[in-house]
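Build the full structure now, drawing on both the sequences and the hints.
Chain by chain, the residues:
Number of protein chains: 2
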Amino acid sequence: MTFDPAQVKALTFDVFGTVVDWRGSIAADLGAFGRKKGITSDWVEFTNEWRAAYRPMLNKVIAGETPWAKLDDLHRGALEKLLRQFGIAGLSEADKDYVNKVWHRLDPWPDSVPGLMRLKKKYLIATLSNGNVALLTNMAKRAGLPWDCVLSAELFRAYKRDPKVYIGACEMLGLQRHEVMMCAAHGDDLDAARKQDLKTAYITRPGEYASGREPKVKAEGGYDVEAKDFIDLAQKLGA
Amino acid sequence: MTFDPAQVKALTFDVFGTVVDWRGSIAADLGAFGRKKGITSDWVEFTNEWRAAYRPMLNKVIAGETPWAKLDDLHRGALEKLLRQFGIAGLSEADKDYVNKVWHRLDPWPDSVPGLMRLKKKYLIATLSNGNVALLTNMAKRAGLPWDCVLSAELFRAYKRDPKVYIGACEMLGLQRHEVMMCAAHGDDLDAARKQDLKTAYITRPGEYASGREPKVKAEGGYDVEAKDFIDLAQKLGA
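Chains as they are written, first to last, in the numbering used here: chain A, 153 to 391; chain B, 153 to 391.
Honestly, the hints are just simulated from the structure, not real lab data.
Any given hint could be a false lead.
Pairs count within a copy or across copies, as identical chains cannot be separated in the list.
Straight-line C-alpha distance at most 30 Å; calculated DSS-like pairs for lysine-lysine [stated by the list, open to error]:
(1) K274 <-> K388
(2) K248 <-> K274
(3) K188 <-> K380
(4) K316 <-> K293
(5) K272 <-> K347
(6) K388 <-> K248
(7) K272 <-> K380
(8) K253 <-> K161
(9) K388 <-> K293
(10) K188 <-> K274
(11) K189 <-> K161
(12) K274 <-> K316
(13) K272 <-> K189
(14) K273 <-> K212
(15) K273 <-> K380
(16) K274 <-> K293
(17) K248 <-> K272
(18) K347 <-> K189
(19) K233 <-> K272
(20) K248 <-> K273
(21) K253 <-> K316
(22) K233 <-> K274
(23) K272 <-> K253
(24) K274 <-> K253
(25) K347 <-> K161
(26) K273 <-> K188
Written out as C-alpha cells, the structure is:
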C-alpha cells in the first residue's frame, strides 16, 4: 500500500531521544551541578542508569502493579535510589528537586527546531510522550520547540505503549487514526501506534542508544516513512 | 494585600470573549457561508442564541444532570435546535460539521497576539477554557496564538466554574495555586479561580456582551490586576 502524506493531518512526536538528546543534556547539566557542589561522579553512567530505571517503572504502572504517577514523581523515586547507589549524599530537598527537573531542561537535536518549524506549516504538530505536561511544557519553552499542543500520556493516566495513549490522542485531536502519524526513534513505540491504525514515521537517531544498551526487542520495520532527521522528514512529507 | 507579579509563574487564559471575539467572528463566518449557500438569516442573533445555549448546557453537566461531553458535541446538539428555530433546512452533515466548527475559527481581539507575545517572554502562558483541546488547538494554529500549552476543561472532564478545572490546571503545570494567575473578561470565572487561591486578572472587553445580554450575577471585583487589554496587562505585569 502506498502512503499518501496528504491524508495525514497531525504529527505526534515521541520526545525523549526523538526530539531531545536526553543523555548528552543530562550528563552535561549534572556535570555542571556537580562541579558547583564539589561532587565528582560518572555522570554519563548516572544518566544511563536513571534512564534504565524508566522502562521497568512504566511497565509496572501499565501492568497495574503500581498506581499511576506522573513521570516527574517516578523519576524522583528512581533518583533517591541512584543517589545511594552512586554514594552521593548531603543534597537538600531543593537540590534534589533541581536535579530531578533536569528532565525539563533537555536540549533538542540540532535539526529538531528547524525541522519542526517546517513541519508545523503543513501539519498540526504535538508531543505524545510519557513525560508529564509540566515537563514537556517547560522543556518546549526553554528549547523553543514550537508545538501546536502538548499531549502527554498523563492526560490518559497511562503510559506508552498502552493503546489508550494513542487512541486518546487521536480522539482529543478530533481526528481519525489514519490522519495521525506517530513519529519516533523507537520501533516499539511505532509498532504500538500502528496496531491502533496510526501512520508511522521512524527517525534514525544514532546517538539514542549507548553501547551495550540497545533495545532487546527488534522493531518490526516497514514504517510509512523512514527519515534520518526532522529536516529529512519534512522533505519526505513535502513540508 | 499588595500583589507581587514576580510570584506568578503562569498565566491561564479564558478564551471565548477574553482572547477571541466569538460574536463578530461567527456572525461574519456564517454570513459568508449563508451567502454561498443562498441562506438568509439574522446571523448576529443566531450567534447570540447559540452562545445563550452554552451556560445552561454546561450547568447541566456540572450538576451531573447530563453526562460529560466535549464542547464540540454540546455545540452540535445546540446547533440542531437552532437550525430548526431559525427555519434553516437542507444542510448536509458536512455542512453542519463545517458550521459547528466555526468555534474553531474565531478571530482574536487586535491586542491578543501582540499582548500574548510579550507576556510569553516572562510567563508560561496557557489556555484554560471550556473549549475542547481540538477546538483550542485548531483556533490557536489558525489565529497565531502562541500558547506554551493548551489546557482545557476537557482534561478534567468538567467545566468551569467547577473547582476541579482550576485545581487540575495548577497540578498539571506543577505549580502552587498562588503561582498561577487566571486571566478573564468574566468576573464569575475569576471569582471561582480566586476561591481556589489562584491570582486573578480582569480584562475589560467592552464588546463581550450584547445589549440586553449582560450577565445577571455581578462580579465581586477586587481582582489582583485589572487591565483594559493584553498590552495593558503586559505593562501592568512588567512583561
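Going through the hints against the structure:
1. K274 <-> K388: This pair counts as within: shortest intra-copy Cα distance 12 Å, inter-copy 37 Å.
2. K248 <-> K274: between (41 Å within a copy, 25 Å between copies)
3. K188 <-> K380: neither (37 Å within a copy, 46 Å between copies)
4. K316 <-> K293: both (27 Å within a copy, 26 Å between copies)
5. K272 <-> K347: within (26 Å within a copy, 39 Å between copies)
6. K388 <-> K248: Cα proximity of K388 and K248: none, with 43 Å in one copy and 35 Å across.
7. K272 <-> K380: The answer is within: 18 Å in one copy meets 30 Å, while 33 Å across copies does not.
8. K253 <-> K161: between (33 Å within a copy, 16 Å between copies)
9. K388 <-> K293: Classified as both: same-chain Cα gap 27 Å, cross-chain 23 Å, threshold 30 Å.
10. K188 <-> K274: Answer is between: at 27 Å across copies they meet the 30 Å cutoff, but 44 Å inside does not.
11. K189 <-> K161: Cα proximity of K189 and K161: across copies only (27 Å, versus 48 Å in one copy).
12. K274 <-> K316: The answer is within: 27 Å in one copy meets 30 Å, while 35 Å across copies does not.
13. K272 <-> K189: neither (41 Å within a copy, 32 Å between copies)
14. K273 <-> K212: neither (39 Å within a copy, 39 Å between copies)
15. K273 <-> K380: within (20 Å within a copy, 33 Å between copies)
16. K274 <-> K293: both (22 Å within a copy, 11 Å between copies)
17. K248 <-> K272: Between. Shortest inter-copy distance 28 Å satisfies the 30 Å Cα cut-off; intra-copy 36 Å does not.
18. K347 <-> K189: Neither, since 48 Å and 41 Å both go past 30 Å.
19. K233 <-> K272: So K233 and K272 fail the 30 Å test inside a copy (40 Å) and across (37 Å) alike.
20. K248 <-> K273: between (40 Å within a copy, 27 Å between copies)
21. K253 <-> K316: Close inside one copy (27 Å) and across copies (26 Å); limit 30 Å.
22. K233 <-> K274: For K233 and K274, the Cα distance exceeds 30 Å both inside one copy (45 Å) and across copies (36 Å).
23. K272 <-> K253: Answer is both; intra-copy 28 Å and inter-copy 21 Å each pass.
24. K274 <-> K253: Answer is between: at 20 Å across copies they meet the 30 Å cutoff, but 33 Å inside does not.
25. K347 <-> K161: Classified as within; 19 Å inside a copy, 40 Å across copies.
26. K273 <-> K188: between (42 Å within a copy, 28 Å between copies)
Hint violations for this structure: numbers 3, 6, 13, 14, 18, 19 and 22, all remaining hints satisfied.
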